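*Asks:* Sequence:
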Amino acid sequence: MITQCPIRPGCKYIYKFTIIDQEGTLWWHAHVSFLRATVYGALIIRPRDGHSYPFPMPYKEVPILLGEWWNTNVFDVEKLAVATGAAPNLSIAYTINGWPGDLYPCSENQMYKLKLLQGRTYLLRIINAALNHELFFKIANHKLTVVSIDARYTEPYVTNVVVTAPGQTVDVLLTADQPVGSYYMAATAYASADGVLFDNTTTRGVLAYDGAPSSTTPLMPVLPDFNDTPTAHKFYSNLTGLVGGPHWEPVPLKVDHEMLVTIGLGLEPCPANTSCKGPKLSASMNNVSFVRPTSLSMLQAFFFNVNGVYTTDFPAKPTIEFDYTNASINNNIPMLFAPKGTKVTKVKFNSTVEIIFQNTAILGVENHPMHLHGFDFHVLAQGFGNYNPATDRKKHNFINPQMRNTIAVPAGGWAVTRFTANNPG
Numbered sequence: 030m031i032t033q034c035p036i037r038p039g040c041k042y043i044y045k046f047t048i049i050d051q052e053g054t055l056w057w058h059a060h061v062s063f064l065r066a067t068v069y070g071a072l073i074i075r076p077r078d079g080h081s082y083p084f085p086m087p088y089k090e091v092p093i094l095l096g097e098w099w100n101t102n103v104f105d106v107e108k109l110a111v112a113t114g115a116a117p118n119l120s121i122a123y124t125i126n127g128w129p130g131d132l133y134p135c136s137e138n139q140m141y142k143l144k145l146l147q148g149r150t151y152l153l154r155i156i157n158a159a160l161n162h163e164l165f166f167k168i169a170n171h172k173l174t175v176v177s178i179d180a181r182y183t184e185p186y187v188t189n190v191v192v193t194a195p196g197q198t199v200d201v202l203l204t205a206d207q208p209v210g211s212y213y214m215a216a217t218a219y220a221s222a223d224g225v226l227f228d229n230t231t232t233r234g235v236l237a238y239d240g241a242p243s244s245t246t247p248l249m250p251v252l253p254d255f256n257d258t259p260t261a262h263k264f265y266s267n268l269t270g271l272v273g274g275p276h277w278e279p280v281p282l283k284v285d286h287e288m289l290v291t292i293g294l295g296l297e298p299c300p301a302n303t304s305c306k307g308p309k310l311s312a313s314m315n316n317v318s319f320v321r322p323t324s325l326s327m328l329q330a331f332f333f334n335v336n337g338v339y340t341t342d343f344p345a346k347p348t349i350e351f352d353y354t355n356a357s358i359n360n361n362i363p364m365l366f367a368p369k370g371t372k373v374t375k376v377k378f379n380s381t382v383e384i385i386f387q388n389t390a391i392l393g394v395e396n397h398p399m400h401l402h403g404f405d406f407h408v409l410a411q412g413f414g415n416y417n418p419a420t421d422r423k424k425h426n427f428i429n430p431q432m433r434n435t436i437a438v439p440a441g442g443w444a445v446t447r448f449t450a451n452n453p454g
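Numbering (this note's numbering), first residue to last: 30 to 454.
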């Protein structure tokens, strides 16, 4: 539930907040319905005066916002999905800084263009602002060096492709070290679920070196296949934190509260007297499908000690355990319909919380982005199949794990996250 009144049309609202222990790229977006599809922007946090980046100063910084586009009112897209119980209609295009690019009808001249000086290094602040798609991003004939994710510095990681889930940010250094010419940057979907429809188009922008003839045909990068999970997993799992860098936080070793949280899709019956045609799609965690309060927000209910808004019995592990990544679970019809609830878990201030996110095969396996509001977390390990404490704990990285606020849980797999609960709310 939104706890602040919307900003009225034609009006403005001034936010005042404190930045603590963060440098890099974040973003802001609308919180009303599908307005997030187009109402968003970059939030850039630079080092304080007198401090520098933990990498060579770039010649220029450039935000690269990746988005989705519908040729219809995005409110109507959401309303139709709610009315029918189906997934929202697919976007018809991806965008780079609002421009779809020359692969779409009527968009030949609607393409983002970035001028480069040969020999200079640029900091690209890449943001996945798409609603529903993870994205591959690549630039023809150029390497990219990842230096930050979700406003947390990383060990420099050289790659020719970046993968981002909705809500994630990736800062990369790009050196214009190729012959003078024009090169496409391109983004397309990473779609890990078999048999699920997705927007299979590609958006393009152009990097044009100073002095390149305008008639030059840009070189196009070879993009990964849309279902290239090995490439996506290699990128996600190879990132590590910058030990001793600005705002570095060591991993808390003692765990006070441990949770295994299954995540995935399911079904719910169509309400009576609605236009649904069959069961509706529904999501669940630990066999509980969330129901939004209708009278007060959970935060208000907590502060004003109002009963009946939520319960404090969200389970620390699935209420029904099963072979999470085995597709045969779909033959168990009751398991497809998770019970409803408005449940929370209460933890003590400054306690260390470990959450193991486990993907399930209910309605199919796919890579699931998971975001934690108000915290950054260490990503200790990621893998495929069912998480096995006896063997998978040996894979935990306690030395230099990446930190971020959004994790893409591998398709048919798991991710181990750990954070300190020091932000009450």
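Some hints could be false.
As the list claims (entries may be wrong) - Lysine-lysine pairs mimicking DSS-like chemistry, simulated, CA-CA at most 27 Å apart: (1) LYS108 <-> LYS172; (2) LYS369 <-> LYS283; (3) LYS377 <-> LYS346; (4) LYS89 <-> LYS41; (5) LYS346 <-> LYS423; (6) LYS108 <-> LYS89; (7) LYS283 <-> LYS172; (8) LYS144 <-> LYS283.
Just so you know, the hints here were simulated from the structure itself, not pulled from any lab data.
Treat the numbers as computed from the prediction; the structure is a model and nothing was measured.
*Asks:* Between LYS144 and LYS283, is the straight-line Cα distance small enough, at 27 Å or below?
*Replies:* 50 Å, violated
*Asks:* Please verify whether LYS369 and LYS283 have alpha carbons no more than 27 Å apart.
*Replies:* 33 Å, violated
*Asks:* Does LYS172 sit within 27 Å of LYS283, going by the straight-line distance between their CA atoms?
*Replies:* Not OK: LYS283 and LYS172 at ~39 Å, beyond 27 Å, violated.
*Asks:* Check whether the Cα positions of LYS108 and LYS172 lie no farther apart than 27 Å.
*Replies:* Not OK: LYS108 and LYS172 at ~42 Å, beyond 27 Å, violated.
*Asks:* Decide if the proposed pair is consistent with the structure: LYS346 and LYS423, CA atoms, cutoff 27 Å inclusive.
*Replies:* The hint holds at about 21 Å.
*Asks:* Can you confirm whether the C-alpha distance between LYS377 and LYS346 stays at or below 27 Å?
*Replies:* Answer holds: LYS377 to LYS346 is near 18 Å, not above 27 Å.
*Asks:* Is the Cα-Cα distance between LYS89 and LYS41 27 Å or less?
*Replies:* 30 Å, violated
*Asks:* Is LYS108 within 27 Å of LYS89, Cα to Cα?
*Replies:* Measuring from Cα to Cα gives roughly 42 Å; hence the hint is violated.
The earlier numbered hints that this structure contradicts are 1, 2, 4, 6, 7, 8.
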